[in-house]
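Residue numbers (numbering that gives the first Met the number 0), protein chains in the order written: chain A, 0 to 303; chain B, 0 to 303; chain C, 0 to 303; chain D, 0 to 303.
Fair warning: there could be bad hints in the mix.
Intra- or inter-copy, both count: the list cannot distinguish identical chains.
[Claimed, not checked] DSSO-like cross-link-like pairs, simulated, lysine-lysine; straight-line CA separation at most 27 angstroms:
#1 29 x 54
#2 104 x 17
#3 10 x 55
#4 101 x 55
#5 10 x 172
#6 29 x 10
#7 172 x 17
#8 172 x 101
#9 101 x 54
#10 101 x 17
#11 54 x 104
#12 54 x 10
#13 55 x 104
#14 101 x 10
#15 29 x 172
Hints in this document: simulated from the structure, not taken from any laboratory.
There are 4 protein chains.
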Amino acid sequence: MGADIAAIVQKNARFTAKGQVASYIPELAKQDPSLLGLCLMHTDGRTQCFGDFDKKFTMQSVVKVAVFLSALLDNSLPSLFRKINISPTADGFNSIVSLETKSDKKPLNPFINSGAIVSLSMVAGGTPQDKFERVLGLLQRITGNPTLEVNEAVYRSERATGDRNRALAYYMKSTGILECPVEPLLDAYFRLCSVEADCRDIASLACFLARNGVTAAGETLAGRDTCRLVKAVMSTCGMYDGSGDFAALVGIPAKSGVGGGILGVVPGRCGVGVLGPALDEHGNSLAGVMLLHDLSEAFDWSIY
Amino acid sequence: MGADIAAIVQKNARFTAKGQVASYIPELAKQDPSLLGLCLMHTDGRTQCFGDFDKKFTMQSVVKVAVFLSALLDNSLPSLFRKINISPTADGFNSIVSLETKSDKKPLNPFINSGAIVSLSMVAGGTPQDKFERVLGLLQRITGNPTLEVNEAVYRSERATGDRNRALAYYMKSTGILECPVEPLLDAYFRLCSVEADCRDIASLACFLARNGVTAAGETLAGRDTCRLVKAVMSTCGMYDGSGDFAALVGIPAKSGVGGGILGVVPGRCGVGVLGPALDEHGNSLAGVMLLHDLSEAFDWSIY
Amino acid sequence: MGADIAAIVQKNARFTAKGQVASYIPELAKQDPSLLGLCLMHTDGRTQCFGDFDKKFTMQSVVKVAVFLSALLDNSLPSLFRKINISPTADGFNSIVSLETKSDKKPLNPFINSGAIVSLSMVAGGTPQDKFERVLGLLQRITGNPTLEVNEAVYRSERATGDRNRALAYYMKSTGILECPVEPLLDAYFRLCSVEADCRDIASLACFLARNGVTAAGETLAGRDTCRLVKAVMSTCGMYDGSGDFAALVGIPAKSGVGGGILGVVPGRCGVGVLGPALDEHGNSLAGVMLLHDLSEAFDWSIY
Amino acid sequence: MGADIAAIVQKNARFTAKGQVASYIPELAKQDPSLLGLCLMHTDGRTQCFGDFDKKFTMQSVVKVAVFLSALLDNSLPSLFRKINISPTADGFNSIVSLETKSDKKPLNPFINSGAIVSLSMVAGGTPQDKFERVLGLLQRITGNPTLEVNEAVYRSERATGDRNRALAYYMKSTGILECPVEPLLDAYFRLCSVEADCRDIASLACFLARNGVTAAGETLAGRDTCRLVKAVMSTCGMYDGSGDFAALVGIPAKSGVGGGILGVVPGRCGVGVLGPALDEHGNSLAGVMLLHDLSEAFDWSIY
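Working from the sequences, and respecting the hints, build out all of it.
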C-alpha cells in the first residue's frame with residue numbers, strides 16, 4: 000500500500016507546475032513551487048511519509064484550525080457564537096463586504112480571515128501574547144512537537160503587508176465585534192500564521208481530530224463534540240471558496256493555507272498532512288487537491 | 000430502540016409551537032403547524048415510522064435533490080458545471096445578488112432556487128413537460144411509489160406567486176445561463192415543488208442515497224460517485240443559510256423544504272424523512288432540526 | 000455664432016470613431032456609428048441645427064424623462080415617492096442588486112431601468128396601453144410633433160431581448176413595488192423606448208424644461224417646481240454611472256439613451272438635442288459628450 | 000428682506016427638535032440640538048446673520064470641500080483621477096463595500112470618507128502634518144480668518160473612535176490607492192474634521208465658490224473651472240445619500256457635516272453657512288435642510 004501511495008504522489012507531482020506560489024506576502028513568494036509532500040498518520044499509530052514531507056513551511060490559514068479549537072475550548076458555545084457565525088460562503092477569504100452587509104456584523108465563519116481574527120480574540124489570555132502562547136502551546140501538545148516555532152522572516156513579511164487584515168480588524172473593532180486592541184492582536188495573529196511545520200506536524204493535528212481529541216500520546220485534549228464541530232466547519236468552509244468543490248471531489252474535512260499546506264481528516268481512520276506551495280485560483284495547493292482526490296478514490300475516504 | 004425514538008419524537012413535538020408555517024405561498028399557509036412526523040428507512044430493509052409520518056406534504060425544495068440527481072444522470076460533469084457551481088453560500092435561497100456580482104453569472108449551487116431552475120433546464124427532455132416527467136418518473140422509481148403526484152392547489156398557488164422565481168429565471172435567461180423558454184420551464188419547476196409525499200417517500204429517497212444508488216427493490220439507478228456528489232452538496236448547501244449550523248449541530252447530509260420536509264442521509268446506515276411544517280428563520284423545519292439533532296446524538300449519526 | 004458651433008460639431012465628429020453602437024438589442028447594432036447631429040432650441044424661439052440633426056433614432060432612455068414627467072404630473076409627490084427614490088447611484092443602469100439589498104426595495108431613481116418601469120406603472124391610465132398613450136401624447140404636445148411614433152422593428156427587437164428588464168420587473172412585482180401585470184407594462188415600456196425622434200424633437204422637449212414647462216406654442220403643461228425636480232434628477236442621475244463626470248465636465252442637466260441621443264437643458268437659455276450612436280463605456284454617446292463639453296465651454300453653460 | 004429671512008429662520012427652528020445630534024463621536028454628542036444659525040454672504044459684499052450664527056462647531060465633513068479643493072489645486076486632473084472617482088452613490092458615507100466590489104478599487108467620490116482620506120493624501124506636502132497645514136492655511140486665507148483652529152477635545156474623540164476610518168484607510172492601503180502611512184494621515188484627517196468654525200466662516204468659503212475662486216479680499220485662489228468642478232461634485236455627492244433629495248428639494252450645491260454644518264453655494268449670488276446640530280437619517284442637519292428649502296423657494300435659488 001505504501002508503494003501505491005508513493006506512485007500516487009509521484010503521478011500528481013506534475014500538477015505542481017500548474018499552480019503559482021502566493022505572491023502577496025513577499026517571503027511566501029520565495030517558496031519552491033515544485034515541492035509535493037505527504038504524511039498519513041493513522042489512528043492505529045502507523046505513519047507514512049512521502050516526497051517532500053520533511054520540508055518546513057508556514058502554517059498560514061491551517062493554523063485557523065488550532066485557533067478555532069482553542070476558542071471552542073476556552074468559551075461556551077453561546078458566548079462564542081455571539082461573535083462569530085459558522086456559515087459557509089462563496090466570498091473570498093479576505094472579503095470585507097459581508098461585515099457591512101450582514102445585519103449582525105459577525106464574521107461568516109472562523110476560517111475566513113475576519114473570523115479567525117475574532118476567534119483569536121476569544122482565546123483565553125489577558126494579552127494577545129498570552130493568546131498566542133495558548134494556541135502555540137496547544138499545537139505543541141497536540142503534535143507532540145515542542146519545537147514548533149515562528150518563522151521570523153515570514154512573520155515580519157506578514158506584518159509589513161497585513162493591511163487588508165488591519166482593515167478587517169478595524170472594521171470589526173468599529174462595530175464592537177472585536178473588543179481588544181487591534182495591533183497587538185494582529186501581531187499575535189501574524190505570528191501564528193507564521194508558525195513553521197512540516198507534513199508530519201499537520202498530520203498529527205489532523206489525526207488528533209480523526210481520533211476526536213486524543214493525541215498520539217493518548218492524552219485527551221478536546222471532547223468529541225468539539226472535534227466534530229471543528230470538522231463540520233472544515234467540511235463546509237475549510238477550502239476557501241473552493242470548499243464546495245472539494246467536498247464533492249475529495250469528500251473529507253480539510254483546511255488549507257496559502258503556504259501550500261493542507262490538513263485533511265478521515266474521521267476514525269487517519270490524519271493527512273500535505274505540502275504543495277503552488278496554489279490554484281482559490282488559494283489551495285493545486286497538486287495537493289489533486290493528490291487528495293486520488294487518495295480519496297483509492298482508499299474510499301469520502302465521508303458522504 | 001423504537002421506543003426510544005418515539006420518546007425523542009414526543010419530546011421535540013413541543014418545538015412545533017416555536018416556528019411558523021411558510022406564508023409567502025398562500026396554500027402553504029394553510030398547513031397544520033403542530034405536525035411532527037418521522038420515518039427511518041434502514042439500509043438493511045427495516046422501516047420505522049413515528050408521529051405524523053403518513054401526513055402528505057409538498058416536497059418543495061426537497062425535490063431539488065431529485066432534480067439535481069436527474070441533471071447529474073443526464074449530463075457529463077463538465078457540461079453541467081458550465082452552467083452551475085456547487086459553492087456554499089450565506090445568501091438566502093432566493094437571492095439574486097450573486098447572479099449579477101459573480102463574474103461567471105452561474106448560480107452558486109443547485110440547492111438555491113436559481114440553481115435548481117438551471118438544473119431542471121439541464122435534465123433530459125425536449126420540452127419542460129418531458130423534464131418534469133423525467134424527474135417525477137425517477138422519483139417514483141426510486142421510492143417505489145407510482146402514486147406520487149402534484150398537488151394541484153399548491154401548484155397553482157406557487158405559479159400565482161412565483162414572481163421572485165420569474166425574476167431569477169429571466170435574469171439567467173438574459174445572461175445566457177438559461178437557454179430554454181422561461182415560463183414553461185418554471186411551470187415544470189412549480190409542479191415539481193408541488194409533488195406531494197409523506198415521510199416514507201422522503202426516507203425512501205434518502206435511503207437510496209445512503210445505499211449509493213440502489214433502491215429498496217435492489218435496482219441500481221445511480222452510481223456511487225454521483226450519489227456522493229449529491230450528498231456532499233447537501234452537506235454544504237442543503238439547509239439554506241443554516242447549512243453550516245446544521246452540519247455542526249446534526250452532521251448529516253440533508254435537504255429541507257418550506258413545506259416542512261427534511262430529507263436526511265446517514266451514509267451506509269439509513270435514510271430519514273421528517274415532516275414539521277413550522278419553520279425557523281432559515282426556512283427549515285424548526286422541530287425537525289431539533290429532532291434530528293437528538294437522533295444524531297442518540298445514534299451517533301454525525302459523519303464528521 | 001452658428002459658424003462657431005458648426006466648427007465645434009465638425010471638430011468632435013472624429014470622436015464618433017472611438018465609441019461603439021449598442022449591441023445588446025440587435026436592431027440598435029445596425030445604427031451608423033459615424034453620425035453626429037445637434038439641435039439647439041433657444042428659449043427665445045431661435046433654432047439651430049447641425050450635422051445629422053434630421054436623422055431619426057429611437058429615444059431609448061431619453062424617454063425616461065417624459066415617463067418621469069408624466070408620473071409627476073399624475074401623482075402627488077408622497078404617493079410617487081412611496082414607490083421610487085431619487086438617489087444617484089454608481090450602479091449600472093440595469094443593476095438588480097439594490098432592489099434586494101436596500102431595505103425599502105424601491106428603485107434608486109427614475110432614470111435606471113427599474114425606476115423607469117415603476118414610474119411608468121404610476122402614470123395615469125387603466126391599462127398599460129393607456130399609460131403608453133398618455134406618455135406619447137404628452138411628448139407629441141410638448142414637441143409639437145404629432146408624428147412621433149414607435150419604430151416597430153426596434154420595438155420587436157427590444158421585446159425579444161428584454162429579459163433583463165423582465166427580471167427587474169418580476170423582482171419588483173414580488174416585493175409589491177410593482178402592482179400591475181408585468182408583461183403588458185413591459186410592452187408599453189419597450190414601445191416607449193422605441194419611439195423615434197430626431198435632434199429637433201429632443202431639443203423641443205429639452206427647451207420645454209428650460210422654460211420650466213411652457214411649450215414653443217406657449218402652452219403651459221407642467222409647473223416650475225415639477226420641471227426643476229426633473230432637471231435636478233437629470234443632473235444627479237441622468238447619464239448613468241457617468242453622471243458625476245458629466246456634471247463636472249459639462250455641468251448641465253441631461254439624459255442620454257443607448258440609441259445615441261442626449262437631451263440637455265441649459266435652464267432659462269436653451270434645449271439641446273444630440274445624436275451620436277457610438278457610445279462610451281457608460282452607455283452615453285461618446286462624441287455627444289465631447290461635443291457638449293466644448294459647447295459648455297464656449298457658451299458658459301455650466302449651472303455650477 | 001432681512002426681516003423675511005429672520006422669520007424663515009424662526010419658523011424652521013421647531014425642526015431642531017425632530018433630529019438628533021451625532022452620537023458616534025462622544026464629543027459631538029454633547030452639542031446643543033436646539034441651535035439653528037444662518038449666515039448669508041453675498042457676492043456683492045453684504046453679509047446677513049441670524050440665530051446662532053456665532054456659535055462655533057466643528058466642520059466635520061464640510062472640511063472635505065477644502066480638502067478636495069486643495070487636492071485639485073495641487074494635482075493635475077489626470078493624476079488625481081487615477082486615485083479617485085467623482086461618482087454619486089446611494090451608499091452611506093462610511094461604506095466600505097464599493098472599495099472591494101468596484102474593479103478599479105477607487106473611492107466613489109471625494110465626499111465620502113474613503114474619498115476624502117485619499118484626497119488628503121494627494122494634497123501637497125511631504126508629511127501629513129504638511130498636508131494638514133496646507134488645507135488649514137488655505138481655509139484661513141479663503142475665509143480671511145487666521146484664528147481657525149482645531150478643537151482638541153473633538154479631535155481626540157475622533158481619533159479615539161475612528162476605527163471605521165482606519166478600516167477604510169487600511170483597505171485602500173492594501174490595494175495601493177493610498178500610498179502614505181495610514182495613522183499619521185488619519186491624524187491629519189481627524190484634525191481637519193475637528194477644525195472649529197462658525198456660520199460666517201462657512202459662508203465665506205461658500206461665497207468664495209460662488210465667486211468662482213475670488214476671496215472677499217479680492218484675492219484669486221482658484222480658477223473658475225476648479226470651483227465649478229467642486230460645486231458639481233457637491234451637487235451630486237455633497238449631502239451623503241440624501242444628495243438626490245436635496246437637489247430636488249433645494250437645488251444648490253451643498254456639503255454637510257455631522258457637526259451640524261451645511262455649506263451652500265448659490266452660484267454668482269451668495270454663499271450660505273448653516274448650523275443645526277440635530278441631524279436627519281442621512282446625517283444632514285434636519286432643520287438646516289428645511290431652512291435651505293424655504294430660502295430657496297423664497298429667493299429662487301435653484302440652479303435647475
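Structure-based check of each hint:
Taking identical chains as interchangeable, the C-alpha atoms of residue 29 and residue 54 lie at most 27 angstroms apart only when both belong to the same chain, with a minimum of 14 angstroms there against 60 angstroms between chains. With identical chains, the CA atoms of residue 104 and residue 17 are at most 27 angstroms apart between copies only, with a shortest distance of 25 angstroms across copies and 38 angstroms within one. Taking CA atoms no more than 27 angstroms apart as the test, residue 10 paired with residue 55 passes inside one copy only; the shortest distance there is 22 angstroms, against 53 angstroms between copies. For the identical chains of this complex, residue 101 and residue 55 are neighbours neither inside a copy (39 angstroms) nor across copies (36 angstroms), given an alpha-carbon limit of 27 angstroms.
For the identical chains of this complex, residue 10 and residue 172 are neighbours neither inside a copy (47 angstroms) nor across copies (42 angstroms), given an alpha-carbon limit of 27 angstroms. Proximity of residue 29 to residue 10 under the C-alpha cut-off of 27 angstroms is restricted to the intra-copy arrangement: shortest distance 25 angstroms within a copy versus 54 angstroms between copies. For a Cα distance limit of 27 angstroms, the shortest separation of residue 172 from residue 17 qualifies neither inside one copy, at 39 angstroms, nor across copies, at 31 angstroms. Proximity of residue 172 and residue 101 under a CA criterion of 27 angstroms is satisfied in both settings, with 16 angstroms inside one chain copy and 24 angstroms between copies.
Taking CA atoms no more than 27 angstroms apart as the test, residue 101 paired with residue 54 passes in neither setting, with 41 angstroms inside one copy and 37 angstroms between copies. Proximity of residue 101 to residue 17 under the C-alpha cut-off of 27 angstroms is restricted to the inter-copy arrangement: shortest distance 24 angstroms between copies versus 36 angstroms within a copy. In the homo-oligomer, the alpha carbons of residue 54 and residue 104 never lie at most 27 angstroms apart, since the shortest distance is 40 angstroms inside one protomer and 38 angstroms across protomers. Taking the closest pair of Cα atoms, residue 54 and residue 10 come within 27 angstroms of each other only inside a single copy of the chain (19 angstroms); across copies the shortest separation is 54 angstroms, beyond that limit.
Neither within a single protomer nor between protomers do residue 55 and residue 104 lie at most 27 angstroms apart by alpha-carbon distance, with minima of 37 angstroms and 36 angstroms respectively. For a Cα distance limit of 27 angstroms, the shortest separation of residue 101 from residue 10 qualifies neither inside one copy, at 44 angstroms, nor across copies, at 34 angstroms. Taking the shortest alpha-carbon separations for residue 29 and residue 172, only the inter-copy value of 23 angstroms comes in at or below 27 angstroms, while the best intra-copy value is 33 angstroms.
In summary, the structure is inconsistent with hints 4, 5, 7, 9, 11, 13, 14 from the numbered list given earlier, while agreeing with the others.
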